[in-house]
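Asks: What follows is the residue order along each chain.
Protein chains: 2
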Amino acid sequence: MTQYTDIGKQLKNTFDPYINVDLKLWEAFASKLQLRQFKKNEIIKETGQTEHYINFIASGSIGNFIAGKGSETCISLSVANSFSSDYYSFLNQKPSIIYSRALENSELYSRSAMGVWIGKAIAEQLFMQRQQIQIDLLTLTAEERYLKLLSEKPEIFQRVSLKHIASYIGVTAESLSRLRKNISL
Amino acid sequence: MTQYTDIGKQLKNTFDPYINVDLKLWEAFASKLQLRQFKKNEIIKETGQTEHYINFIASGSIGNFIAGKGSETCISLSVANSFSSDYYSFLNQKPSIIYSRALENSELYSRSAMGVWIGKAIAEQLFMQRQQIQIDLLTLTAEERYLKLLSEKPEIFQRVSLKHIASYIGVTAESLSRLRKNISL
DNA sequence: AGCATTTCTTACCATAGGTCAATATTTTTA
DNA sequence: TAAAAATATTGACCTATGGTAAGAAATGCT
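First to last, the sequence lines map onto chains H and P.
Numbering follows this note's numbering, with no gaps: position 159 of the first sequence is 159.
Numbering follows this note's numbering, with no gaps: position 114 of the second sequence is 114.
Quick caveat, the hints were computed from the structure, so don't treat them as lab data.
Be aware that one or more of the hints could be misleading.
Treat identical chains as interchangeable: a pair holds within one or across any two.
Using 30 angstroms as the maximum straight-line C-alpha spacing, the simulated BS3-like pairs for lysine-lysine come out as follows [to be verified]:
id: 1; residue 1: K163; residue 2: K148
id: 2; residue 1: K9; residue 2: K94
id: 3; residue 1: K12; residue 2: K39
id: 4; residue 1: K24; residue 2: K69
id: 5; residue 1: K69; residue 2: K153
Could you put the whole structure together from the sequences, leaning on the hints where they help?
Replies: Rendered as structure tokens:
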């Protein structure tokens, strides 16, 4: 079983490039983490509820989704050593239509309160990620977005089904399948 | 000429729903603002440069763009009483391909350094905006995105050309024109 | 006011990606 | 391990949007 001091070091190592704070602050943060375990496909946060946690993913993977007519759209895919949350709902403490689901059996270390420094760092990271996604959706083709994801986050392809990857990059599963076939020709 | 104490109040009024801090902090922030004026179409921040400012738009409007082959993609449209910056480049203090241009004659109040509280608040706001854009690009049709922008930010249509609005919602100017024609039938 | 430039619209054809339906493949469960 | 469920692929067809080119309308400039 992982210890919280280890989690502190893991956090420090993982986020050093982005969040320049002392190990002690990370350990203080980690000391108040609550371990939560979820089975594959278990709902972590429901549509219509308010998000109470920021979750650090120790193992497994988490998706954030929006339900559509008959299908669902994946708006984020997070794997081990990153944070996951319906951060939109967390920030304004209002319900949102977004729901989170474990895509594998997952171990999360969760906190409901955060210092300003880590809140700022997380929001900044998330802003940059979302802006890059916006730019990619506006300027790249579906095939280019697929290849970019494949080269930047190859581990996702070992863990997440193609139908979620398809909706994340903004195409149907059928189109992703055809597109992959084209590439391998 | 607007005074900085007035700017402080204007900031407080504008951001009260999002940033819950005392007027004094806003006035301290405003007291260090630098007025910068730009003519219509003047470049505020070039591609390949690093962003040094957060700009509060007192009047006018600003667009952030990425150059493509023969065209440009608009990734943000900001009007008076909001912030504008290449915040991605500002955060990591590295050059980015994004450039900012005044879409009208504009008065900006700019700062290069920010307290943690306002930095956190700005990053949070920007994250929420960008995530909503991502969701809209993934789940709405071009027509729905157009109608949404029209109902949520009608003032943009008085100030910004349709070609910029088109690229912002992710279609060509021609498609936007057709789509508008359909709606009015 | 008149010319130049930019913006907007329209028409025609091309194409990426969507929809639906069937089948194949993999994973889960009993 | 067999059946069931979920996932992935494929094919036929369709639709929204793109590309190009031309003209109309608006805006800016001298």
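Asks: Now tell me, hint by hint, if it's right for this structure.
Replies: Hints, verified against the model:
1. In this assembly of identical chains, the alpha carbons of K163 and K148 lie at most 30 angstroms apart whether taken from the same copy (17 angstroms) or from different copies (28 angstroms).
2. With identical chains, the CA atoms of K9 and K94 are at most 30 angstroms apart between copies only, with a shortest distance of 27 angstroms across copies and 32 angstroms within one.
3. In this assembly of identical chains, the alpha carbons of K12 and K39 lie at most 30 angstroms apart only when taken from the same copy (27 angstroms versus 46 angstroms across copies).
4. Within a single copy, K24 and K69 get their C-alpha atoms no closer than 47 angstroms, and across copies no closer than 49 angstroms, so neither meets the 30 angstroms cut-off.
5. In this homomeric assembly, K69 and K153 come within 30 angstroms of each other (Cα to Cα) both inside a single copy, at 29 angstroms, and across copies, at 27 angstroms.
The structure fails to meet hint 4 from the earlier list, while all remaining hints are met.
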